[in-house]
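K.L.:
Okay, here's what each chain looks like letter by letter:
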Amino acid sequence: MTVWRGCDVPTDRAYDVEGDLWVQYEDDLVRLGLTDVAQTRMGRMVTIRFKQPGRKVKAGGSVATVESAKWVGPVHTPFAGEVVEANEAAFIRDILIANRDPYEAGWISLIRPDPPGEPDRPLLRGEEAVAEYKARIESLEMSCFRCED
Amino acid sequence: MATVMRVIDFGEVSPLRSQTLWHAIAYGVSAGSPPTLSFMRPSHPYVSIGFHRRLGELDLEWCRATGLPVFRRMVGGGPVYLDGGQHFFQISVPEAMTKGTRTQSIRALLAPAVEAFRSVGIDAHLDEHSEISVGTAKICGHAAGQIGSAVVVVGNLITSFDHQAAARIIATPTPTVAEAYLRLMREYVKATPADPEAFRAAAAEAYASELGLVPEPGIMTKLELLRLEEIDEQFQEPEWLEGSPAPVPTSVKVRAGINLSLTRTEET
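Protein sequences appear in the order of chains A and B.
Sequence positions in the first sequence follow the numbering used here and run 44 to 192.
Sequence positions in the second sequence follow the numbering used here and run 14 to 281.
Take the hints with a grain of salt, since some may be wrong.
Computed list of lysine-lysine pairs in DSBU-like fashion (alpha-carbon distance at most 30 Å, straight line) [claimed, not checked]: (1) A:LYS101 - B:LYS112; (2) A:LYS101 - A:LYS177; (3) B:LYS266 - B:LYS203; (4) A:LYS177 - B:LYS112; (5) A:LYS99 - B:LYS235; (6) B:LYS112 - B:LYS266; (7) A:LYS101 - B:LYS235.
Hint data in this document are derived by calculation from the structure and do not stem from the laboratory.
With the rest of the complex left out, here is chain A (with noise of 0.2 Å):
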């Protein structure tokens, strides 16, 4: 785990920098989820609706669309594929499980890619990973919060 400026970046795991998502292969699966960055900047999470199980998507489409405050945005996934399972029941039960647990329980959709494998979008991984989330965070100007109420 390194920590930039309050913002975890555990390096257990692959990164869409720019989409500000993290991303764990599970088998033939991956699972998507925001970054510390991302709940930081999106702040008290209000809402959440996801893509349903089932559903396709494109590589750049939105899995799941968050509101905070008045402020609306997408979670854009960098994989095609299909939705395997989406974590609302978690969210159901605590709105701000991203903003509290971003990395684990606050997870948001097991994607199984198609075409399998990486994608187009390069991930980044390890001490690139955090270099690249160092440089965008002294870039954004922010540094990183959780939310412990």
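Mind docking chain B on chain A? Use the hints.
P.N.:
Using the frame of chain A, we list chain B on its own:
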């Protein structure tokens, strides 16, 4: 890197187009059009509801009976009554031009509007709830979001405001709550009569200066016009209007920080 801020004044347009035009512009900015400041006002009254909100928050029967069209927008916020006394502005910029949190982005993109209000003699400020206010009253309705990879913040200069109509569109459980809502709205939402043309000129100057761009009058691109036709259709589809199931609200907002409980009759 953009050097120009496109400025488009659509003038008076239909209720549908007063929503779909700026969505199409945002898609254009997402696809490479320059940052754009646009203006328009609706020819007739209508109702707009935020992307995630329940249609049931509205008194749809009343809206139908009075001929008020209802459109669901792609940005946030609750249900609002809109009419020709409200002069809309929208700023659309590439997401990469925004910094910090979304709240900080919204505030940064509302600050030039505050300057424009002040330029036309209105003592406006951006309050702690990110509302453009005079004293404790909100004077500008705003909403924000990301459409494609463009960030858009929309707002309005309200030269006249029909509080009665704006309160009446909301579904309330009892006449007492409806009366309380109208009373709060009268207290906390105010019109600021000012010259719309002077406001538009001041806004163009303030936004261009804030973004470090040169304002230039422009028109829609071919791609934006195609997108406009698609969004026109989408916004009239019953499925789009219905939206997805969302939680039943327990309160109705008058302005940020002022909410009225729908489950009790007293103010909260």
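K.L.:
Does each hint hold? Answer for all of them.
P.N.:
These are the hints, each one checked on the structure:
no., hint, verdict
1, A:LYS101 - B:LYS112, "27 Å, holds"
2, A:LYS101 - A:LYS177, "29 Å, holds"
3, B:LYS266 - B:LYS203, "15 Å, holds"
4, A:LYS177 - B:LYS112, "14 Å, holds"
5, A:LYS99 - B:LYS235, "28 Å, holds"
6, B:LYS112 - B:LYS266, "28 Å, holds"
7, A:LYS101 - B:LYS235, "24 Å, holds"
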